[in-house]
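K.L.:
From these two lone chains plus the hints, build me the complex, please.
So the chains spell out like this:
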Amino acid sequence: MRNLKLKFRRIELEMSQTKLAEKVGVTRQTIGLIEAGDFNPSLKLCIAICKALDTTLNDLFWEDNENGEN
Amino acid sequence: MEKIKNNLDERQEQTLLQIEHNGCWLAFWGLVASIVVQSIILDFDYKNMAGEFIVLVMLALHIVVSCIRQGIWDRRLKPDISSNILVSLTAALITGILRFFYMVKRFPNVILADFAVGIIYAAKVFAICFVVLQLTANLFRKRQAKLEEEISENDED
Numbered sequence: 002m003r004n005l006k007l008k009f010r011r012i013e014l015e016m017s018q019t020k021l022a023e024k025v026g027v028t029r030q031t032i033g034l035i036e037a038g039d040f041n042p043s044l045k046l047c048i049a050i051c052k053a054l055d056t057t058l059n060d061l062f063w064e065d066n067e068n069g070e071n
Numbered sequence: 046m047e048k049i050k051n052n053l054d055e056r057q058e059q060t061l062l063q064i065e066h067n068g069c070w071l072a073f074w075g076l077v078a079s080i081v082v083q084s085i086i087l088d089f090d091y092k093n094m095a096g097e098f099i100v101l102v103m104l105a106l107h108i109v110v111s112c113i114r115q116g117i118w119d120r121r122l123k124p125d126i127s128s129n130i131l132v133s134l135t136a137a138l139i140t141g142i143l144r145f146f147y148m149v150k151r152f153p154n155v156i157l158a159d160f161a162v163g164i165i166y167a168a169k170v171f172a173i174c175f176v177v178l179q180l181t182a183n184l185f186r187k188r189q190a191k192l193e194e195e196i197s198e199n200d201e202d
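So the sequence lines, in the order shown, correspond to chains W and L.
In terms of the numbering used here, the first sequence opens at residue 2 and continues consecutively.
In terms of the numbering used here, the second sequence opens at residue 46 and continues consecutively.
Next comes chain L alone, as it looks inside the complex (with noise of 0.2 Å):
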């Protein structure tokens, strides 16, 4: 099939692409509140937030593959243990807060237990996180070395 031509000059293209990173994030953190909200008004239906669960999930791993693909991990954070224990500590302490406060609404004289439950939740997050963001930057180093190999042939040919 014949490709169709572009009638947008490089600057344009690139404000363009400017354009559709912004609705992107726009896209991701829009989803990111409306579970959040979702969860704490239907008070964790996740039958009723299926739909912006499944396109959040492919979002995110479109992005995080296409980036491992082409050897980039962040702009600001390395793949290294600190940044990454920094990170999965910030998603445990928002989610804990948010479990904590959803349980408070629930069961509120109970707040001892509550908590507990906040600081159970976030240690599983953190957990988690932790355990993807090492997996992930593990493979991220992998495919850079073999960039960086690739790159190496080519410049000896």
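If we strip away everything but chain W, and leave its shape as in the complex, we get (with noise of 0.2 Å):
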């Protein structure tokens, strides 16, 4: 499932997958995976992302539906 919420908050920041990666310490191919919905990122790494992109865990990967993608 993809993680569109992730990426749409990035691009609201401006932000490149690279700049992200760097940021939290992970490469960007491991950021476009978990964008793509092919990597299961740990609790710990998707704080570290909420922190870089000031957002919280609730707006980045909650789902709120059924079917819909977060």
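Since the hints were made in silico from the structure, they are not lab data.
Be aware that a few hints might be false.
Unchecked claim - From the derived model, a few chain W residues whose C-beta atoms are all more than 12 Å from chain L:
#: 1; residue: R10
#: 2; residue: S17
#: 3; residue: D55
#: 4; residue: N59
#: 5; residue: D60
#: 6; residue: F62
#: 7; residue: W63
Said to hold, decoys possible - Okay, derived cross-link-like pairs now, DSSO-like style, lysine-lysine, Cα gap no bigger than 30 Å in a straight line:
#: 8; chain 1: W; residue 1: K24; chain 2: L; residue 2: K48
#: 9; chain 1: W; residue 1: K8; chain 2: W; residue 2: K45
#: 10; chain 1: L; residue 1: K123; chain 2: L; residue 2: K187
#: 11; chain 1: L; residue 1: K187; chain 2: L; residue 2: K169
#: 12; chain 1: L; residue 1: K191; chain 2: W; residue 2: K45
#: 13; chain 1: L; residue 1: K123; chain 2: L; residue 2: K169
#: 14; chain 1: W; residue 1: K6; chain 2: W; residue 2: K20
#: 15; chain 1: L; residue 1: K92; chain 2: L; residue 2: K150
#: 16; chain 1: W; residue 1: K24; chain 2: L; residue 2: K50
#: 17; chain 1: L; residue 1: K50; chain 2: W; residue 2: K45
#: 18; chain 1: W; residue 1: K8; chain 2: W; residue 2: K24
#: 19; chain 1: W; residue 1: K24; chain 2: W; residue 2: K6
#: 20; chain 1: W; residue 1: K45; chain 2: W; residue 2: K20
#: 21; chain 1: W; residue 1: K52; chain 2: W; residue 2: K24
#: 22; chain 1: L; residue 1: K50; chain 2: W; residue 2: K52
#: 23; chain 1: W; residue 1: K6; chain 2: W; residue 2: K52
#: 24; chain 1: W; residue 1: K20; chain 2: W; residue 2: K8
#: 25; chain 1: W; residue 1: K52; chain 2: W; residue 2: K8
#: 26; chain 1: L; residue 1: K123; chain 2: L; residue 2: K191
#: 27; chain 1: L; residue 1: K169; chain 2: L; residue 2: K150
#: 28; chain 1: W; residue 1: K6; chain 2: W; residue 2: K45
#: 29; chain 1: W; residue 1: K24; chain 2: W; residue 2: K45
#: 30; chain 1: W; residue 1: K52; chain 2: L; residue 2: K48
#: 31; chain 1: W; residue 1: K20; chain 2: L; residue 2: K48
#: 32; chain 1: W; residue 1: K45; chain 2: L; residue 2: K48
#: 33; chain 1: L; residue 1: K50; chain 2: W; residue 2: K20
#: 34; chain 1: W; residue 1: K20; chain 2: W; residue 2: K52
The beta carbon of each residue, even a glycine, is placed where N, CA and C say it ideally should be.
P.N.:
Below you can see the structure in the form of structure tokens.
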């Protein structure tokens, strides 16, 4: 399941995947895979991403509809 | 000594662990295959297979001891008598068949005797496997109970 919330928030802040990856200490590929829904990050990484994007876990990682993408 | 920095992020670490996991089982079953093939070709000349045998036993012991220490048994099988019987029977069947064919190769004129040797060999393997599995299952249960106890104690703190 693709994480569009993460992608939109990153674009909103005009931040590239590379920049976000640098901020949270992972590779750009990992950020790409999280956005594509192909990798489930740990809670620790989720929190680091939220802090880097100045948002909360609820905003980025909570699904609020049954089959919708988050 | 200062620990060398890990260059991998958590996804790469998971991928590397998966690669190492596959490599470990490839080595394990490769050694088993190597021992089986050498047994047939070299007529169970244990001196020539000692190296492979030692590495296989060390690898198996490492996996078993580490799993029991962590309170892990198996993904699918349970540590009960029926599962242990099933695993022991499978091991007995495979080794019995291999022994039978080896005996047929060496003594082709006495098929019944070869068959009897295969059966005796299988029975021996079954007994050893079953006893070892029951003992390790018992150890596993004790370890799991201890780990549960430790977690309960920590929760109370």
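K.L.:
Given the hinted pair K20/W and K8/W, is their alpha-carbon gap at most 30 Å?
P.N.:
Distance of about 13 Å is within 30 Å: holds.
K.L.:
Taking only the CA atoms, is the gap from K123/L to K191/L under or equal to 30 Å?
P.N.:
holds, 18 Å
K.L.:
With a cut-off of 30 Å on the C-alpha distance, tell me whether K52/W and K48/L pass.
P.N.:
holds, 27 Å
K.L.:
Given the proposed pairing of K50/L with K52/W, does the C-alpha separation stay at or below 30 Å?
P.N.:
holds, 23 Å
K.L.:
Taking 30 Å as the top limit, are the C-alpha atoms of K52/W and K8/W close enough?
P.N.:
Cα-Cα ~15 Å, so holds.
K.L.:
Holds or violated: K123/L and K187/L, Cα atoms, limit 30 Å.
P.N.:
The hint holds at about 15 Å.
K.L.:
Regarding the pair K45/W and K48/L, is the alpha-carbon distance no greater than 30 Å?
P.N.:
Holds, at about 21 Å.
K.L.:
Decide if the proposed pair is consistent with the structure: K52/W and K24/W, CA atoms, cutoff 30 Å inclusive.
P.N.:
With a Cα-Cα distance of about 10 Å, the restraint between K52/W and K24/W holds, given a limit of 30 Å.
K.L.:
Are all C-beta atoms of chain L more than 12 Å from that of D60/W?
P.N.:
holds, 22 Å
K.L.:
CA of K24/W to CA of K50/L, is that 30 Å or under?
P.N.:
holds, 17 Å
K.L.:
Taking C-beta pairs only, is S17/W more than 12 Å away from all of chain L?
P.N.:
holds, 17 Å
K.L.:
Given the proposed pairing of K123/L with K169/L, does the C-alpha separation stay at or below 30 Å?
P.N.:
holds, 23 Å
Hint check: no violations occur; every hint is consistent with the structure.
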